[in-house]
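Peer 1: So the protein sequences, as listed, match chains P and E. Heads up, the first sequence is in numbering that gives the first Met the number 0, so the first residue is 0 and it goes up one at a time. Heads up, the second sequence is in numbering that gives the first Met the number 0, so the first residue is 0 and it goes up one at a time.
These aren't lab readings, by the way, just hints derived from the structure by calculation. None of these values were measured; they are calculated from a predicted model. We put the CB at the ideal spot given by N, CA and C, even for glycine. Hints are supplied without guarantee of correctness; some may be wrong.
Below are the SDA-like pairs computed for lysine to any residue, each with C-alpha atoms no more than 20 Å apart in a straight line [what the hints assert, rightly or not]:
| no. | chain 1 | residue 1 | chain 2 | residue 2 |
| --- | --- | --- | --- | --- |
| 1 | E | K217 | E | P295 |
| 2 | E | K163 | P | R74 |
| 3 | P | K314 | E | A29 |
| 4 | P | K92 | E | K163 |
| 5 | E | K332 | P | E305 |
| 6 | P | K85 | E | T145 |
A short, non-exhaustive set of chain E residues, derived as facing chain P with CB atoms under 7 Å [what the hints assert, rightly or not]:
| no. | residue |
| --- | --- |
| 7 | T33 |
| 8 | K422 |
| 9 | N426 |
| 10 | N429 |
As a plain string of letters, each chain reads:
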Amino acid sequence: MESKDLRTVIEEVLKEMNLKPGAEAADSVSTAVKEAVRVPGGSGCQLVIPGKGVSLDPSYIEEGELPDITEIDLRTQYLVENPVNKEAYAEQKAAAPCRLGIGKAGARYKTLPQLEFRAAHSAAQDAVFNDVDEEFIESQGLFIVQTQCDSKDTYLTRPDLGRKLSPEAVETIKAKCKKNPTVQIYVADGLSSAAVAANIPDLLPAIMQGLQSYHIETGTPFFVKYGRVAVEDEVSELVGADVVCTLIGERPGLITATSMSAYIAYKATVGMPEARRTVVSNIHSAGTNPAEAGAHIAEIIKIMLEKKASGTDLKL
Amino acid sequence: MRQEIKSIGIDIGTSTTQLVFSRLVIENVAGSYTVPRVSIVEKEVIYRSKIYFTPLRSASEIDADKIKEIVRSEYQAAGMKPEDLSTGAVIITGETARKKNANEVLEALSDMAGDFVVATAGPDLESVLAARGAGTDAISEENRTTVANLDIGGGTTNIAVYEKGAMKGTCCLDIGGRLIKVENGKISYIFHKIEKLAANHGIRIAVGDRADPEILMKICRIMADELAIALRLVQADDEHRSLYTNDGKMMREDIGIKAVTYSGGVADCIYQEDDSDLFRYGDIGVLLGKAVRENPTISGLKLYQAKETIRATVVGAGTHSTDVSGSTIRYDKSRLPLKNVPVLKISEDDETDFESFSQAIATQLPLFYTEGRMEQVAIAFSGRGWTGFQQIQKLASAIIKGAREVIESSYPLIVVAECDIGKALGNALNIQLDFKKPVICIDGIRAAGGDYIDIGEPLAGGTVVPVVNKTLVFNS
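Just chain P, with the same shape it has in the complex (with noise of 0.2 Å):
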């Protein structure tokens, strides 16, 4: 460790440990750094702090990872201290994942639990406000367009504009797509960028291969960024095609941050009423296998044109 960043950890500690800035602090920060620096490494060499009764040993370091606290099932954790009936409990519990059972310490949270609630929270603020990897998008052999939004701050404040392509989107549609497909599928981020990096390769190509399977054509498919579900009006209107259906991200929550939906319409224009549009949802790796769920939508898809109608007006 250079003496630098060893003297900012040192500053660290002090800071929290309420000590003034001063110069008796600063003259204690250069002893001990001068006596870490004199044992780089060295297991046994111990900073103190004169003064102070600190005495801290850098050695101690620990090789390896933390544990990853989302690796933790939910449903199987039970934290209760001498429970009348652990395994009842548990039996509840493994129905579903919900923060049960978890303990308390005084009032308030176990450290464990807290820390978990944090980072599924994270995991939700980052499905959100994440890109998804373009180089991922075009694996997925998909080209990329934009709505009117220029950034997730906008895409966040101003729902309308995530309902309108941008003039170039329009451009690059007209020149890449098939005219008049029978079927339009294409991908958004939505809320959740997680969904789209989790689900699209098995949830696109399952669609794909049950359309296939019904002899139903297919248009381009490709990528929307800071895409409403909306904008699939717009989407069917510009290629003409019979049936539009958005493989979308979902609002993430603190179970899983990788849900996605399919909103499916028939004959979808800008400003039709939102009952119009079929609806399948909590598609994800503990919710419907999305492999399955494509399957599934393409069955849907064949009967909203066998039927001529989709939302509220096909009875499924």
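Take the given structure of chain P and dock chain E to it, following the hints.
Peer 2: Below, chain E alone, put in the same frame as chain P:
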């Protein structure tokens, strides 16, 4: 999406023959915006026949014509027609199953029992159906405990154990109320195994002897002791093993039974104390009931009232033999229904890679030949771990490679997966086979090697197919 189907259950037992009609309601229990999940949400017996003594032509033959007459008259009484029925089961149970002409009986009934009816018997299935008819599975689930149902009939006792709603084991013994019959105060029939059992305990009885309640009670107490052994409450002796039907096995030792329910003809003699006329049924049923009730070991267990007693098996056959498949499946409708399809099971070990998967199919297929000819077969596996799109494509290739013989035959390719991959796998199979082969690919069903399954015509607007697994009903 709610659909009502009618089901029939016919139980031709050692001593009695019964029939019930049931109503099963199937419904999509998933929310509106998700993939459907169709299940059986209601089961109700809507008609119970009279209880007939099983008509016999001789000591070892069932009178098929009389059975047919009984069934016909009960159809009339219930106002039911064969075409109203979608599913059900005819089972020949107990000692009767060993009667010579079981097939003849099933044949005689086949045109009357609807287009989709099982014809089967087998001690394990009987035990399970009786326990489910008695409601033992529900009792064990509700009370979070381990409950055994003892279906004590005329010729056999079928035991099934449920732990918190899940089946844990079955067995079947030659212990029943009509294994000694009494006429005009004299013993008129003794089953050979019981005669031997009594002799081993130093009790000698013979046909024609006076029916001495005290001596017969002693024998019944010995029979009750054997049941306690079968429940694993008491250490087994050498003799015990010979009491199992069809060389069956004992239940495993650590089964941990905490409570019991009783069904079958003798059940009412256990639940209700009425010793007024000991030989009112012309057999030792009343005494056996008393012996079981008073057995010091068994009476130490908690006793629950069964939902059905003498009718448990027939109710089980009528309402609990049918399951529905998963709700996203792919099938060629023109090939349904399928009956009596033997199951070729891919073991968990062989499922770990696609090469051994293909191999397992190819090497097992010849086992299903009849007289050197290919027979229809269902390929069953869990599919766990192969749920991604690419993996499903490879799984489809592995199935096609291994099942070449099936594909070249006139039979459809029948695939049964446990995991929810039926529709995606069905699509992959159709595409890889270029739509040249009828494919039935269902999921949500667990079948074991040696099982036989029936796959019925689609229900719930084509979402699911009813499936009857005739050997053991393990599906939750």
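Peer 1: Holds or violated: E/K217 with E/P295, Cα cutoff 20 Å?
Peer 2: holds (14 Å)
Peer 1: When you check the alpha-carbon spacing of P/K92 and E/K163, does it fall within 20 Å?
Peer 2: This hinted pair holds, its Cα atoms lying about 15 Å apart.
Peer 1: Starting from E/K332, check that the Cα of P/E305 is at most 20 Å away, please.
Peer 2: holds (18 Å)
Peer 1: Check whether the Cα positions of P/K85 and E/T145 lie no farther apart than 20 Å.
Peer 2: holds (18 Å)
Peer 1: When the nearest CB of chain P is found for E/K422, is that gap smaller than 7 Å?
Peer 2: Where the cut-off is 7 Å and the nearest Cβ of chain P is about 4 Å from E/K422, the hint holds.
Peer 1: Is the shortest C-beta separation between E/N426 and chain P less than 7 Å?
Peer 2: OK, holds: E/N426 within 7 Å of chain P, min 5 Å.
Peer 1: Could you check if E/T33 really has its C-beta closer than 7 Å to a C-beta on chain P?
Peer 2: holds (5 Å)
Peer 1: Does the interface hint hold: is E/N429 within less than 7 Å of chain P, judged Cβ to Cβ?
Peer 2: Holds, about 5 Å.
Peer 1: Compare the distance between the alpha carbons of P/K314 and E/A29 with 20 Å, and conclude whether the hinted pair is satisfied.
Peer 2: Given pair P/K314, E/A29 holds - Cα atoms ~15 Å apart, limit 20 Å.
Peer 1: Check the hint pairing E/K163 with P/R74 against an upper bound of 20 Å on the C-alpha distance.
Peer 2: holds (18 Å)
Violated hints for the displayed structure: none, as all numbered hints are satisfied.
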